[in-house]
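K.L.:
The lines below spell out each chain.
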Amino acid sequence: MGKTRIANCIRRLRFEHNEMTQQDLAERVNVTRQTINAIELGKYSPSLEVAFKVSRVFGKPLEAVFSWPEPGEEGEDEERSC
Amino acid sequence: MSFREKRAWVTLITLIFVLTLFWLHIPPTRMLAPPPDVWVLHVLMLMIATFVAIQIIVGIVMRIRSPLDARTPKDERERLIELKSRAIAWYVFVILSLGGIFVTLHAGANEVGLGFVVLFSFVVAEIANYAMRIYYYRRGF
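Chains as they are written, first to last, in this note's numbering: chain A, 1259 to 1340; chain B, 434 to 574.
Simulated from the structure, these hints should not be mistaken for laboratory data.
For every residue, glycine included, the Cβ atom is placed at its ideal position computed from N, Cα and C.
Some hints could be false.
[To be verified] In the BS3-like style, the derived pairs of lysine-lysine whose C-alpha atoms are separated by at most 25 Å in a straight line are: (1) A:1318 with A:1301; (2) A:1301 with B:517; (3) A:1318 with B:439.
[To be verified] A few chain A positions that, by computed beta-carbon distances, are all more than 10 Å from chain B: (4) 1269; (5) 1299; (6) 1321; (7) 1326; (8) 1328.
Please take these sequences and the hints and turn them into a complete structure.
P.N.:
And the structure:
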């Protein structure tokens, strides 16, 4: 309990986009900074709406930002798909 | 720590503090068949007033210190945490109140004692509510 299987590259994408802060991203997606942090750490799976908003902020398709590893492919790293 | 997580901590600690104070004045065994003394109700009213006063004062202080966070509406994760926690608290309340009524009736409690059992169940359910909120804020789901 506590870890979702959905992986994401949000932290890397933030740094690639002029070192965007979690607060900046949160304001653009209309959630709290703590929610962005929870998503990055895998503690929370966002709704489709928030996932699409995050993808749109980075100008990437949804699958480039979020992924669902096959069983057996899950690792211990935060950004398993990046 | 978000504003709402801090509020959850404050409410949880206040509930435990007030409940402990109440038990120190009126032990649980005495609650089953309390004497019809007015001071029992006075203690109860005092505990409720203490809880409300602490919540108001701490709430005002927290809003003054973090006005932006306080005004930010709940996002989807906070709403979900609240819903899941309330669902668990509901089960705690039902089990404790029904079980407590069953046990205390067999223990020979009077109607005031039964009232205390239901009130106690409600307070414990609220403790469970805020404890689960903190757990979900910390550990996720």
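K.L.:
Now tell me, hint by hint, if it's right for this structure.
P.N.:
Quick rundown of the hints versus the structure:
1. A:1318 with A:1301: 22 Å, holds
2. A:1301 with B:517: This hinted pair holds, its Cα atoms lying about 15 Å apart.
3. A:1318 with B:439: Cα-Cα ~35 Å, so violated.
4. 1269: Consistent with the label, residue 1269 of chain A stays out of reach of chain B, its closest Cβ about 16 Å off (over 10 Å).
5. 1299: Nearest chain B Cβ is 7 Å from residue 1299 of chain A, so the label is violated.
6. 1321: Label holds. Min Cβ-Cβ 21 Å, cutoff 10 Å.
7. 1326: 17 Å, holds
8. 1328: 22 Å, holds
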